[in-house]
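Q: Got chain A sorted already, so can you dock chain B with the ligands onto it with the hints?
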Amino acid sequence: MKRKKTGTQRIRLAVQILFFVVVALVSVAHTLEEQGVTLPFVQGASLHAICPFGGVVTLYRLVTDGTYVQKIHESAVWLLGLVAITTLALGPVFCGWVCPFGSFQEWLGKLGKKIFKRRYNTFVPSAVDRILRYLRYVVLIWVVVMTAVTATLVFSDYDPYYALFNFYTGEVAVTGFVALALVMVLSLFVERPFCKYACPYGAVLGLGNLLRVFKLRRNSITCIDCQACDKACPMNITVSTASVVNDHQCISCLKCTSDSACPIPSTVEFNTHRLENDTQEVAK
Amino acid sequence: MKIGAKGIAASAVVTILGGVVLLMALGSWQTESEKIPVKFSTGEFAGMANPEDIRGSYSFADVEKNFPITADTLAAAFALDVTVKPAQDYLAKDLEALYGEVADGAGEVGTDSLKWFVSLFTGLPFTPGEDTYVPRTVIEVLRDSGKVVDADTLAQLEAKSVEPLVPGIVPDVVDTHVESTTERVIKGNTTYADVITWGVTQAEIEAVLGVPLKSKTDKIRDHLLANNLEFSVVKTQLQALVDASAP
Ligand code: SF4
Ligand code: SF4
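Each protein sequence line maps, in turn, to chains A and B.
Take 1 as the starting number for the first sequence in this note's numbering and just add one per residue.
Take 285 as the starting number for the second sequence in this note's numbering and just add one per residue.
Please keep in mind that the hints were generated in silico from the structure rather than gathered at the bench.
Some clues are possibly wrong.
In silico BS3-like links for lysine-lysine, alpha-carbon gap of 25 Å or less [unchecked claim]: (1) A:231 to B:471; (2) A:113 to A:231; (3) A:5 to B:290; (4) A:5 to B:286.
Given the structure is predicted, the values throughout are model-derived calculations rather than measurements.
The following block holds chain B by itself, in its conformation from the complex:
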């Protein structure tokens, strides 16, 4: 049997484009990763989703799907304005963009804050970092829903709480903190150039980021946000490099 141009053209178009259309129709055409966090594999919580694995790219709808908590509760806890967009459409990383660095640079409201809240609300284990802060509304939601009643946890939250956003106003993240280069601590307004002057090489930074560094004068946090990387994770790794190259 012979095959010519028409036959080959038809096979290529039908198999490849047709195959993709068919897969789309069957719902198997996934061009995005499925947003399913890893599950606890052992212990009392085995088989349940682990809040630790919530990523910046998760929408509140994804969180709702994987944990017994509604998107509306999440939006309320973080005082997000649902007239700007529906609660389901907020992404975990939006918190970093909206709140970002708080308490004079001592901490941050971001994806980790969301993990913390989800863990307290659902009773799943998660240990927040020292620099994880939450808006005060988180405490109100937890207390009012009866999810957290013990005084210790409430006091711990209290100590790490900041003023919530005023609904209706989406604030620009303004960094008022002025970097002093003698401090050698990575914060929201630290640039890659700062880190390089602290003795870390560009190659080391790129190894941590996994993406090339185009502009050394970029603020680290803004650059990561634009590249879908999590500030809190990268910051820890970069800080370790800074500390290691201490004079």
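For reference, chain A alone in the conformation it holds in the complex:
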């Protein structure tokens, strides 16, 4: 029995495209506004103003002397709050569904999948990979400390995301372009390399996986141990042995769930309670 289950990922793709377009429009509108052209319906704002990570780095300043880091505005702090709500409820939905740079890497990855087929996303030896996955916390600490010390956006010079959406403005540092090129090339081998190894905001949101209200659960009673979930996971998480996926790298993409990869209905899903309870009740 092979069910066609593309609906879930189609919906996710639609949301990803929506946010990608919104961010691109806002970014272009901002550049045009600086040149005196206003687009209808789009209020231009600099990319810094609509980046929730800006909210993270400015928090220290905001708390200690009530001001924002250069170029960061109230909007970034609001976004930080809104994203925090979704993260506490569902984990890093922002990464898997909203972040345009995550989507960009994922789309490049489709090309990588065409080239390498099943070998795609398996090149990094797991021992090395496991250690590298903590690198993004090092980046996070560096960014937060340096931003607090210098009160300027230290990360934007190295931020491939900023480089992607501002490549035409002449505001991007060489290091930003190097980072972007590196991420693009790596994306052909590894799915979401920046998310996995470098993104400081992903590092923050990843902690949401330990707290989320809707947890990613696997029903150990109905599971047939086929490991389809493990193979589907872009973040290389082993779902097939966990009863609750608490891995800090999960991006709530639903690829492993029974609505996508898992062949058994209601076996992997986001749920507030243990799935085994349902099975036991049915058995009674």
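A: Chain B with the ligands only, in chain A's frame:
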């Protein structure tokens, strides 16, 4: 309770996009810094806005909001053409672009000139730099409105005054002054390359600017203007570096 793709999609879109729309409707969505200068914290003027903190990005409307002075008065004082755009829409940094370097490079009409004028008009303290100049119309406005009557201040202004712009003509800033590299003084047409030949490293310059230096042949003032940085502030810091690396 289970949540699937539709539920997650709805939560993400409603919370994030919906939240932003709601904040916009409530007027709390600020993607720009609020243009409120710091206030004097002590002394006779405690609680009043400090002209010193007027930034290049302030419009005349922002100045009007924070100080007892109208945008029209500001436009008149600096002889700006309000048929080009309304007085409220002029930015402090426009002065730098319109007047820029004056008196053969000895000084400049820019944001500091605006601070100076606002301070004299409102009676708030501000000490202008040696190189801060004002157009003659500033003196006329101050005198005619009875804000400045004492002869000393008027004489000081007189000594630092230049011809106003002719309304209706927005002049291109033409630099006629030819740089002599033996002078080691940063002026409006000094390039980053000049400063580097005077012994300051690119890294030092970037540390002052806070933004990367893309083209060393850029004129410092034009580059700063394009990057929303204030020439007068950066110039002082760079000049200090130049002086420190004197042979
Ligand atoms: S564990 Fe599932 S939801 Fe989490 S990233 Fe992997 S596939 Fe996506
Ligand atoms: S895909 Fe479903 S059945 Fe297969 S191992 Fe994962 S949870 Fe078990």
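Q: If a hint holds in the structure, say so; if it does not, say that too.
A: These are the hints, each one checked on the structure:
Restraint check for residue 231 of chain A and residue 471 of chain B: not satisfied, since their Cα atoms lie roughly 63 Å apart, outside the 25 Å limit. The hinted pair formed by residue 113 of chain A and residue 231 of chain A meets the criterion: a straight-line CA distance of about 13 Å does not exceed 25 Å. Straight-line distance between C-alpha atoms of residue 5 of chain A and residue 290 of chain B comes to about 14 Å, which keeps the hinted pair within the 25 Å bound. The straight-line distance between the Cα atoms of residue 5 of chain A and residue 286 of chain B is roughly 17 Å, inside the 25 Å bound, and the hint therefore holds.
Checked against the numbered hints given earlier, this structure breaks only hint 1.
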